[in-house]
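Undergrad: Same order as they appear, the protein sequences are chains A and B.
Counting in the working numbering, the first sequence runs from 361 upward without gaps.
Counting in the working numbering, the second sequence runs from 34 upward without gaps.
Warning: the hint list may mix true and false statements.
[What the hints assert, rightly or not] Here chain A is said to cover these stretches of chain B; the calculated rule only asks that three of the stretch's residues, wherever they fall, bring their Cβ under 8 angstroms from a Cβ of chain A:
(1) 53-64
(2) 163-175
[Claimed, not checked] Quick look at which bits of chain A chain B covers, simulated, 3 or more residues with Cβ under 8 angstroms:
(3) 710-720
(4) 723-733
Worth flagging that the hints you see were computed from the coordinates, not collected in a lab.
The model shown is predicted, which means the values in this text are computed figures rather than measured ones.
Glycine included, every Cβ here is placed at the ideal spot set by N, Cα and C.
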Amino acid sequence: MSSFNPTRVRADVPLLHRQVHGRPIAYLDSASSTLPPRAVIEAMDRYYERHHANVHRGVYQTAEEATADYEGARAAVARYINAPGGAEEVVFTKNTTESFNLLARSWGASRLSPGDVVVVTEMEHHANVVPWFQLRDSHGVEVRFIPVGDDYRLDLSHVDQLLEGAKLLSVTGMSNVLGTRNDLAALARLAHDHGALFAVDGAQSVAHGSTDVARDGIDFLAFSGHKMLGPTGIGVFFARRSLLEAMPPFLGGGGMIADVRTDGFTPATGVARFEAGTPPIAEAVGLHAAIRYLEGLGPDAVEAHERELTRDALERLEGDFDGRVRVVGPRDVVDRGGVLSLDVEGVHPHDVAQVLDQHGVCVRPGHHCAKPLMHRFGLAATARASFGPYSLTRDTDALIEGLGHALSLFA
Amino acid sequence: MAPLDDLYREIILDHYRTPRNRGELPTPPAHRVEGFNPLCGDEVTLYLELRDGRLADLKMTGRGCSISQASASLMGAAVKGKSLEEVEAALERFRRLMTVTETRLDDGGEPEPLDVRSLGELAALAGVVKFPVRIKCAMLAWTTLAQGLDEAAADAP
Ligand SMILES: Cc1ncc(COP(=O)(O)O)c(C=O)c1O
Chain A
361 MSSFNPTRVR ADVPLLHRQV HGRPIAYLDS ASSTLPPRAV IEAMDRYYER HHANVHRGVY
421 QTAEEATADY EGARAAVARY INAPGGAEEV VFTKNTTESF NLLARSWGAS RLSPGDVVVV
481 TEMEHHANVV PWFQLRDSHG VEVRFIPVGD DYRLDLSHVD QLLEGAKLLS VTGMSNVLGT
541 RNDLAALARL AHDHGALFAV DGAQSVAHGS TDVARDGIDF LAFSGHKMLG PTGIGVFFAR
601 RSLLEAMPPF LGGGGMIADV RTDGFTPATG VARFEAGTPP IAEAVGLHAA IRYLEGLGPD
661 AVEAHERELT RDALERLEGD FDGRVRVVGP RDVVDRGGVL SLDVEGVHPH DVAQVLDQHG
721 VCVRPGHHCA KPLMHRFGLA ATARASFGPY SLTRDTDALI EGLGHALSLF A
Chain B
34 MAPLDDLYRE IILDHYRTPR NRGELPTPPA HRVEGFNPLC GDEVTLYLEL RDGRLADLKM
94 TGRGCSISQA SASLMGAAVK GKSLEEVEAA LERFRRLMTV TETRLDDGGE PEPLDVRSLG
154 ELAALAGVVK FPVRIKCAML AWTTLAQGLD EAAADAP
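With the hints as extra help, turn the sequences into a complete structure.
TA: If you want it as structure tokens, here you go:
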């Protein structure tokens with residue numbers, strides 16, 4: 361039994377103690393970036409105050425400590441996602457976006473030929489779209505999209521056709537606009553049945569439930585530290601070992617080589633091959649602390665807490681405003697995370713967010729880097745509220761109050 | 034941060050709810066120009082009819098936030114029928130109005146030394162500068178107008 365207590369989590373997050381415009385902050389933008397608990401901030405401080413040195417280079421005491429910290433973080437990530445091959449399957453990057461670029465430029469560019477097919481979905485973040493279009497332009501691969509149905513879920517009615525000849529199916533674990541969670545195990549089976557590999561954008565899903573690459577049959581996984589209570593500047597690229605070993609380096613420079621001569625170079629073996637230059641060491645330490653913190657909360661407890669908040673918010677948003685506030689996303693809370701994209705009648709999302717700000721409420725207006733999805737639903741933008749482990753019903757209260765104000769101001 | 038009323042003045046809400054000069058003009062003779070704000074999806078399309086050194090007629094379509102659409106409507110009302118010199122001068126005044134200076138951010142003070150009276154209704158947008166993220170929204174119609182005038186001048190025989 362986890363001892364999950366959202367009020368205690370809130371107390372652990374320093375930023376949630378401040379006020380904005382004379383009101384307590386109601387942070388509802390965790391889908392953009394989560395707020396770190398003190399444990400993460402202190403771990404990074406401690407690292408800089410006591411252990412900092414470059415990694416994999418010096419042999420003095422602190423260099424050994426820094427290297428141990430950095431590699432310890434890698435082991436923690438491997439455990440957190442249940443990587444079957446352990447830490448040797450975990451590459452540190454800058455963020456989800458860089459992880460997808462690594463996948464496209466390294467695996468994609470070396471393995472795909474003109475006419476090969478990569479299948480993504482209409483609900484992907486641009487991070488899982490643009491690198492594939494770049495590969496289309498440079499290597500002639502074909503990019504196909506699984507459509508999203510009117511129920512805001514993947515429409516799999518023609519998926520067999522779409523997957524014909526596919527080398528990769530790359531899908532988000534959870535939509536950062538709709539909140540829809542995808543059935544990763546089922547999609548992995550579909551991909552594998554068609555001879556394709558299966559990649560997952562875990563940016564949203566890793567912090568709001570459990571992730572198990574072994575159980576779900578995930579071949580590649582990308583996610584960001586800053587969306588899971590960790591720091592910015594660090595991301596993860598997971599690949600099954602046999603795949604990773606066959607991938608050429610992406611970025612070149614120090615740290616990723618076995619040998620450099622005047623006539624060429626030999627890349628390092630293992631994950632070092634993908635980590636050119638000085639890596640984000642303090643950020644790895646922070647990510648490690650974030651993982652420990654999340655494990656302490658219990659991913660299932662976090663998911664259940666956010667589901668309850670979402671159920672309550674859905675009910676009130678639809679009930680309190682006579683249909684003038686529409687939630688763009690599934691109505692039920694089955695296979696759905698705590699992301700609420702709002703379309704407010706007569707009020708542009710930008711104005712919604714501006715009025716909410718005066719109530720201390722932080723939401724994000726815009727297209728959320730998911731333009732294909734916005735086109736699909738004929739929207740230029742939405743105002744998105746999203747929950748984190750530290751969210752409470754009183755955040756929803758502030759949201760509802762602010763929405764009432766926005767509606768009356770623009771009436 | 035400044036109070037919300039500084040941003041959403043009644044004139045702005047009025048122009049947002051009831052935008053002026055909506056519609057299209059036949060092209061040619063009018064010149065059509067589009068502007069986008071990719072971050073929030075604001076759009077403005079202007080139809081500019083230049084005749085005898087004047088902006089003889091102007092219409093617009095678009096969608097977006099209150100600030101972008103009200104600014105477009107206020108702009109149209111301010112520049113329609115004016116000589117090109119007057120239009121250029123209005124553009125320049127508006128650019129200055131939307132320029133963030135340190136002192137203005139510090140004390141949220143008045144947009145000196147610009148004479149707000151010379152702006153007429155446009156002065157209602159002066160508060161936008163206290164919300165720096167929204168400056169782009171207010172500028173959209175104006176940068177689109179500047180682009181359209183340049184293009185029309187380049188097209189002219
Ligand atoms: C689903 C999804 N994928 C990818 C990203 C990109 O993450 P990052 O900006 O950390 O690379 C985000 C975050 O905006 C996201 O929500």
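Undergrad: Would you list, in rising numerical order, the hints stated earlier that this structure does not obey?
TA: 1
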